[in-house]
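First residue of the sequence shown: 1, per the numbering used here; consecutive thereafter.
These are computed hints drawn from the structure, not numbers from a lab. Heads up, some of the hints might be wrong.
What the hints assert, rightly or not - The calculated lysine to any residue pairs, modelled on SDA-like cross-linking and capped at a C-alpha distance of 20 Å, are:
no.: 1; residue 1: Lys261; residue 2: Val381
no.: 2; residue 1: Lys261; residue 2: Leu380
no.: 3; residue 1: Lys61; residue 2: Ile213
no.: 4; residue 1: Lys227; residue 2: Ile213
Computed from a prediction, not measured in an experiment: that's the story for all the values here.
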Amino acid sequence: MSLSQSKRWMWFLLPANLTAQGLITVLPLYVIFLGGDVGEVSIVIALYYATSAIGSIFWGKVIDRFHIRRGVLLITLSVIFLCCIWLYSTKTISLLFVISSIIGFFTVGKNSVTQLLVMESGPKNQWSWLFARTSIISTFGMLAATIIGTISSVYFNLAPYFLICAASTAIAIAFSTAIKGAKFHLEPSSIAHSIHGLRYSISSFHFFVFPKIPELYDFMHIITIFKGKVSHEIGILFVHTFVFYFGSNMYFTAFTPFLKKLNFSDSSVFLIYMIQTAVMIAIFFVAPRVISKLGEERATSVAYGPRIAAVLVVSFTPLLFGVANFAMAIVSACLMVIAFSIYSTSTSVILFKSIPQGFEGKYLGVNSSVTGVAVFGGALVTGHITNLLGYSFSFLVSAVILAISFVLFRTYLRYRLSNKIF
């Protein structure tokens with residue numbers, strides 16, 4: 001993959017995403033390694049997402065105020081580097097709560113910078129191509145994280161993996177120093193007017209896009225639903241989004257502790273994530289064709305099938321043994337990422353089309369707030385439910401919640417197509 005001189009800044013994404021994916025994968029494993037259970041894992045993940053939402057707002061404001069890209073990257077990556085070194089010497093779970101919060105706050109800093117750098121690197125008719133390239137590079141970084149983790153955990157315990165993440169971050173810092181200032185400056189709010197930037201944000205697991213900090217009044221369309229009215233069908237879409245990410249994050253929070261409960265080795269867990277990421281790379285090229293053929297609405301509905309099936313598959317995995325256990329875990333992980341690749345791309349287009357012109361920043365802020373609360377709440381609830389009733393029950397609850405999300409999405413389509421407003 002060749003890039004022109006002006007676009008070679010993109011290569012910082014490879015080591016940066018190696019670190020980001022490596023940390024989010026290894027942190028739950030490390031909690032268990034230190035003697036924790038799914039309850040502590042859920043807290044670590046919840047704190048990570050909570051501070052990511054706060055960080056997304058903060059770094060967006062910093063970029064707006066000072067128009068710095070390279071500076072934000074150098075600051076955030078440097079802190080991540082120090083956190084990796086800190087993690088290597090950490091032996092208590094309470095410190096992991098603090099470090100995961102810091103990592104969440106600073107990791108998200110690169111997201112808005114990346115989007116703006118893409119949009120400043122070429123004319124608008126090249127944005128789709130440029131975002132596609134950044135997605136590919138980022139995903140290969142994620143794949144590298146799982147490959148290295150699979151190999152290193154065979155020979156070492158988990159602590160040395162943090163040094164690998166530190167080295168990868170140092171490489172990302174070196175690439176970031178080569179980024180030059182643009183001749184003109186876009187602000188993060190410009191992402192609200194670009195379907196390419198929005199699709200990249202959602203499909204690349206960048207849940208939080210805050211072109212405008214939402215106020216209470218901005219949630220009016222959601223509030224009216226709970227009063228028994230529908231003032232605008234976009235409120236149903238927001239509730240559907242909340243339920244979807246709540247149920248999905250219940251699965252993701254419980255998945256790693258669940259595999260360790262079944263006595264999977266750290267290397268096996270990394271291998272499952274490696275296969276999942278490889279499938280994600282493959283589906284990256286297929287998903288747009290599927291959506292183009294089916295249409296966004298139908299593609300979104302179809303994506304619920306493998307998503308719910310993935311959760312149901314893993315809920316019955318404890319009934320199996322040996323290789324069958326491992327195979328079913330792989331099937332579940334791959335179905336989840338196939339479904340998400342289609343769902344995230346199609347729903348980003350639906351959301352973009354549903355927002356009235358001139359209200360992009362307002363509604364994207366609401367959508368990000370709803371998503372943030374959902375992933376935070378889903379993580380916390382998972383720990384409590386699993387400790388009380390077990391993993392299988394927790395996964396079944398996740399499947400039921402995803403089914404409710406599907407019903408809400410179909411309800412949204414019915415209101416939109418019938419053009420009913422109550």
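Now the hints, each set against the structure:
no., hint, verdict
1, Lys261 <-> Val381, "19 Å, holds"
2, Lys261 <-> Leu380, "19 Å, holds"
3, Lys61 <-> Ile213, "10 Å, holds"
4, Lys227 <-> Ile213, "24 Å, violated"
In summary, the structure is inconsistent with hint 4 from the numbered list given earlier, while agreeing with all the others.
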